Every structure is written in C-alpha cells, then in structure tokens.
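Chemist: Sequence:
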Amino acid sequence: MRVSKFAATTLLFAASAAFGQVHVEFPDAGESPATHQATTGGSPLLSIVGTIGAPVPGFDADVYCIHVDDFSLFSATTLAGFDSQIFLFDMAGMAIAANDDGTFLGSPGILPLGDPLYVGLPAGDYLLGISSFDYDPVDAGGFEVLGDAFFGVEPPTAAGLAGPFVGFAGFGGGLGAYEVRLTGVSPCGAVIPLPSAGLMGLVGMGLVTLRRRR
0 MRVSKFAATT
10 LLFAASAAFG
20 QVHVEFPDAG
30 ESPATHQATT
40 GGSPLLSIVG
50 TIGAPVPGFD
60 ADVYCIHVDD
70 FSLFSATTLA
80 GFDSQIFLFD
90 MAGMAIAAND
100 DGTFLGSPGI
110 LPLGDPLYVG
120 LPAGDYLLGI
130 SSFDYDPVDA
140 GGFEVLGDAF
150 FGVEPPTAAG
160 LAGPFVGFAG
170 FGGGLGAYEV
180 RLTGVSPCGA
190 VIPLPSAGLM
200 GLVGMGLVTL
210 RRRR
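First residue of the sequence shown? That's 0 in numbering that gives the first Met the number 0, and the numbers climb one at a time after it.
The following label-pair restraints were derived from C-beta to C-beta distances:
id, residue 1, residue 2, range
1, L160, V23, 32 to 38 Å
2, G162, T182, 29 to 35 Å
3, V118, F25, 27 to 33 Å
4, D124, V23, 18 to 24 Å
Note that these hints are calculated values from the structure, not bench results. Note that the structure is a prediction, hence the values are computed from the model and not measured. Using N, Cα and C, we set each Cβ at its ideal position, and we do this for glycine too.
Please model the complete structure; the sequences and the hints are all you need to start from.
Modeler: See below:
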C-alpha cells in the first residue's frame, strides 16, 4: 500500500522541525524594524510558524528577519485560515513589496518567485512581515508605505519611497495560526547544523515503514 500523502507530509514536516528548518514564533514577534524577531534554525529555512491575534486581536503583526540567499530563488507563501497580508522590507525598514490576496479575494498573501520588484536584489538580511487585512505598515506620519490592492505584488507608496516603516496601524479583523513557506532563504540568526546522515536515514526508515503498513 502506498504511503498516504498526509502521513508522508506530516512525517517530513516533523522531521524538518526537528532538524531546525522551521522557525516557530516565540515569544510574540514585534512589528517594527527595531522589535523584529530573528529567525533561527537550519539552512535552508523552510518555513515560519506563528499566530496573529495576540496580545490584542485586530492589532497584531509579526515581523521577522530572514536571510535571502538568492532572490532568483526567493518566494514566501502564506498558509492561514484568515485574510493575511505579507510584506518585504530591507533591514532599515524601507518598503520593497507586499501582497494582500494571493489568488482570489480573501486568500492568504504570497510573494511569488521571480517578481521584478525584488528578483534583482542582492543577497542578505531582510525583514518579512505578516498581518491580517487591514492592519498595514506605516511611516512616522501614519502613512501607509506599501500598497494593498486586492491582487498582485504591490510596490512602495510615495511615503514608502521617502522613509522607513515604524510600525502598523489600522484594524485587522482576522486572527489565527499561520505558516509562511519559504524558498531561497536561510535564518538570519543562529544557524543549526544540518542533521547527520544517520538521522536522515531514520526518517527514510519511517517512510518505508509507513509504506509497508496496510
């Protein structure tokens, strides 16, 4: 009997988490350049897991530092049960790109592979933010720094070209857990060495065992 897709995915995800390739938000990530949470774990960093809605529902955003190894390989795909938005900034907080709805109205935000707003940028540390619609990054004057049209990857606004974001404003109605799946990314904090070949072999044995069960 073939191993089920769910069982295989669950095992591999658990293995990835055990190997440190998933960053789990703890404690609550800040929502400004100064209070971001540095991702840690193994390289490549496969995903970030967190929660929107704490400490105050409607007024929560999470900002992480990630290391983009190669922007030609970079993507960030949000999986969430609420209408999420995703944002990319440099380490100074200058806006680069944003997306509200990935494929349909109300769907989680994505930063797809190869978008011209960032595909030519140099490798390095960047800030990745996530919030629920309509809780948006703003400058010191309270002006939004990135567009939030329903579809497409949005460039910086005039305010976003003039200065960095300092926090978020508005009201985000959605809340809940999320995962941001990443490509072309490593942690910007401490890097955990990849597992030994023996440990990887144990994962393979687990998949073989699943495959043989009826």
